[in-house]
Amino acid sequence: MEKLQDRFADIGEFIPQEDDDVIVCRCEEITKGEIRKAVHEGIFTISEMRRYLRNGMGLCQGQTCGKMVKGIMAGELGIRPVDLTPATARAPMRPMEMKILANDRNEE
Amino acid sequence: MKRYELIVIGAGPAGLSAAIEAAKAGMEVIVFDENARPGGQLFKQIHKFFGSKEHRAKVRGFKIGEDLLKEAKEAGVTVQLNATVVGLYPEKEVNVRIGNEIKHVKGDAVIIATGASEAVVNFPGWTLPGVIGAGAAQTMMNLHHVQPGKKVLMLGSGNVGLVVSYQLLQAGCEVVALVDAAPKIGGYGVHAAKVSRCGVPFYLSHTIKQVEGTDFVTGVTIAEVDSSFKFIPGTEKHFDVDTVCLAVGLNPMSQLAEMAQCQMEDNPKKAGFVPAADEHGRTSVEGIYVAGDVSGIEEASSAMIEGRIAGISVARDFEYVNEVEFAEKVKGFETALGSLRQGMFAPGNRGKKIEKTEEGIDISTNLLKKGYLEDEVFHFPGVKKIKGLHPVIECTQNIPCNPCQDACPKGCIKIGEKITSLPDVDENSQCVGCGMCVASCSGQAIFLVNEDVGDGMGTVTMPYEFLPLPEKGEKGKALSRKGEEICEAEVVDIRLAQAFDYTNLLTIKVPAEFVMNARFYKAI
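Chains as they are written, first to last, in my numbering: chain A, 1 to 108; chain B, 1 to 524.
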């Protein structure tokens, strides 16, 4: 069960930081600044962030950046990283060509 | 749908060990692994493992991997490689991609042993070619025999960072610095010491500010950080490098467990988001078990025992072994696992500040902050001034390891019942100079010293794992624990025996006043 975030929490204004242009998700090339801004636009959960910016939706499926995204979002929200539920794990666990999925028939 | 009694996901140390135990009990077992080679990370481990003699201490990782594969084959385990499990469902349906097809199979039981992936940290330039994980460096060097670069900076002073730095040196790379944001070295002191004596400087409370280059890495700037990990202006240091290696921890690859609806926990003690499991590896979903790093980051030796426990636990739950056999087997495994989880680096001690050894000796802060011991080395029971030839054991932290004790045929070395105790050198025993202790020490912390061989000279025998081997009669420089040239040294002997397992014993002659400082040799 996803822990509910207080949507009305006052997290203050977005204040630009020096390292905002550093890439966090290298598969989808999403920067720290983009993630921080998105929090201020109302994106409070990791699942929402993935849909909003596509971070963690590339080749490694967030295995590399997941922890960093969590840390940045928690920092922005003023909560502990453990209070953010990680992204939902779904099949396929590894990137796969569409044709393989399309040919997947439960034959036996 | 094809059905198996047990499906193990991952053919690393935990998965193979689990498969072996279940198969030995009579179960039909298949192991899926997405890689082209089995063994997980074991085949990249060219160093000798720590632990007790009974649990493969002083054996090199890849050899342990070979033995596991052989044991799995003998037990009748099927290992299917290039088989990527892409889905796992609560009814224990496993979707596995083999070639261009997805196969749907079912297991009466499933053991998830998918291990972990490397964590990263980001900084400007971290996506440039040349910034790599320590695991990638090991793959390149130890599996493919390719140097990852010529000049390397290592970030992370845990055992992975330390061991891989040493391997980079062995592969002929230059390691310009070992950097960690923490104020203390995270890994074993003995690993740090063997990197230090090769002349690699440690920068604690430092981290990477940026990596430079347009198409690939050409340099890196580090800077000191304060106690809240903020950069301190004016402390920048620049290094020309072509490679930056990251060894900043591991993340459990636990997604399959979550997909199968196992209850999960975000547990900092286990270094991540992991399935909750009981002491026998059972998750909250009946028939789904976990073992190894996926259930909490430790190291390969514990993963292998966890795997065996999960394997025998499945066999018990499916009535292939009875309660009595189970209890007997598990007791042995749990004792072994318990002993590996002792000492100052035990999982239970994570984050704790330890100031004294179990013997009540002050922990060397030099070792923790600079990577090498200074005069405090004489406070430890393995370091004594004894007339004639004798071992000097620079083992100063309580870690679960004891092969040196049995290595000495004359009984000069004592650790005792408790595996984490510091080795003690007996002043009255007769060292014959066989060198078995030197080669047995996985931490390369044992030296044979003779303070007086006449003419004001002494000798130091050290473990030497570099090529080309120096030749007898050759003259070079002796290096201190810090890696500084301290005096002339003449190679008087170089020995290799099968029992040394590729650890050469290099004996150098140096002026007597340097025998307690000369700890490495550099050819000129």
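Please note that a few of the clues may not be correct.
Among the chain A residues that face chain B by a calculated CB cut under 7 Å, a handful are [to be verified]:
1) VAL22
2) VAL24
3) ARG26
4) THR31
5) MET93
Everything labelled a hint here was simulated from the structure, so no lab data went into it. Glycine included, each C-beta is placed from N, C-alpha and C at the ideal position.
Hint by hint, here is what the structure shows:
1. VAL22: holds, 5 Å
2. VAL24: Holds, because the Cβ-Cβ distance from A:VAL24 to chain B comes to roughly 6 Å (cut-off 7 Å).
3. ARG26: Because about 5 Å separates A:ARG26 from the closest Cβ in chain B, which is inside the 7 Å limit, the hint holds.
4. THR31: violated, 10 Å
5. MET93: This interface hint holds because 5 Å falls under the 7 Å limit.
Of the numbered hints listed earlier, the single one contradicted by the structure is hint 4.
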